[in-house]
Amino acid sequence: MPGSNSKHWVLLAAGSKDWKNYVDQANVCHAYQIVHRNGIPEKQIVVMMYDDIAYNKKNPFPGNIINVPHGPNVYPGVPKDYTGEEVSAKNFLAALRGDSTAGKKVIRRIRNSRGTRRRRNTVDDMASNRKQWFLLAAGSKDWVNYRHQADVCHAYQVLHQNGIPDEQIVVMMYDDIAYNHENPFPGNIINVPKGPDVYSGVPKDYTGEHVSAANFLAVLRGDSQAIRKSGRKKVIKSRANDSIFIYLSDHGGHGIFHFPNSTLYAHELIDTVKEMSRKGQFSEMVIYMEACHAGSMLDELPRFSKVYAVAACTPDESSYACFHDKRRNAFLADVFTAYWLHHTKSKKLMISTFDDQFKYMKRKVQENGTELGVSQTPCHYGNAAILHLPLSELLGCSSERVRREYKSQSRNFEVNDAVESANVPLLIQENRIRNEQNIRRRADLQRKQNELKRKQKIMDKAMQKIAQRCTADGGSQALSERCEATRLYELKVVAERFRTTIFNWDEEAFVVTRSHLQVLVNLCECGLEVQSITAAIDYVGQRIRF
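With my numbering, you'll find the sequence shown wraps up at 709, consecutive numbering, no jumps.
These are calculated hints, taken from the structure and not from any lab test.
Mixed in with the good hints there might be a few duds.
Claimed, not checked - Straight-line Cα separation of at most 30 Å, BS3-like style, residue types lysine-lysine; simulated pairs: (1) K442 / K397; (2) K628 / K611; (3) K655 / K400.
Using the sequences and the hints given, assemble the complete structure.
Structural data, given as structure tokens:
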């Protein structure tokens, strides 16, 4: 069709059903992936298939359809325009001639009796049959945690450049960094040394005390009634054909992701995702998590779910901050996130896959760890079939001009100044003391530094006493082992008792107790009754004073 307004239309139909006819739906799914990857927008593709193969009881890999031996899953992302009994000769011909009287997706516009074009429920009339949704959350506050909000702001800018509209991005951040009294450049946040401001234009969907675990989960599942907030309650309004991408950045512990004044537990996140999947609220979901012990939040994801997740490190490892800025006295970014955003900005996302990105991030983060003599290993969980999807399926895609400009400005990109996240508050406080000229203020800063170290020592003693009281071996195994957290519900009960009885990390520096949570995991995993552990916590709590 000549002319600047010409379009390519595609109608794909699998006319069969039942497991014995697997090949027909596999052919159509594969054809869709090729056509879509070749640049045909989804709104110009109509797919008809019975859709009884991917989750057929005979399928040993639920949610998976392949079209060549050992090939990639070609099912994710395929539109469900006509399924079940809707797949008929009558509907096929109606879709082909543009007859939308059945209220379904068709191939062309139609004219009314006067000869003018009338907008009907046609493919061209639909802005998109599939939306990409995003939830970006920085779970920390205070200047020492500068990098978490910088990570989220930068992620927003990347998605915005990739063409994602603001109404499909929800941002949660405390918003106490840009105009913090310690910021020498008010209103400015950067995420790489000498980099551009990433704060300008970022939506303030949830700020301050509204950045909470409860609101995060409510936003994710689209439950505006559960939002604890006045005014606009922006949530993810995803449908069965939509994708959801989640990025979180903050401190973490075993089975825990920290929010200001609240805690997100692993089982709460996993249960929410499972329920959303059961209700058909998305076609694919991808989660990237930047936090210490991030793997422990994601390792219980079902392997054959519609969800794929990447953790900055294994359940037993710390994450690392990077890019120390002397003028700001802050670490600008996190190692894992820095490499993720660099890869996303520099690659052709319609070609590069999630597998390509994961391999790049894992290699670069591990290389950085090797230089420091430490271990940080990104790991992934959930549905490995999503690895074969191009990144553009969930992240959008920037223009060639934007990508070329970024690559010219970021040649030889590497992180530097990497330090373990738990050490960041101490290092920043030491710099404050060193740079303070006023004797009285310097003494006050030193007092706060000593207080932080004192609390860490008390925490060591408290955990030792809890382990000793719970076990027959004097707590030696509980204090030394690194068990994987599998009893997630029990862990929440124990951790909450610890938080409310001994050390409230919602009000104190979470890094003081982050490493101690492994002891609680070990006690839960060794088969002890929850009541025994909580009784020991109560006993020690009555005798420990901070």
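To see whether the hints hold, each was checked on the structure:
no.: 1; hint: K442 / K397; in the structure: holds (20 Å)
no.: 2; hint: K628 / K611; in the structure: holds (26 Å)
no.: 3; hint: K655 / K400; in the structure: holds (29 Å)
Against the hints set out earlier in the document, no violation occurs for any number.
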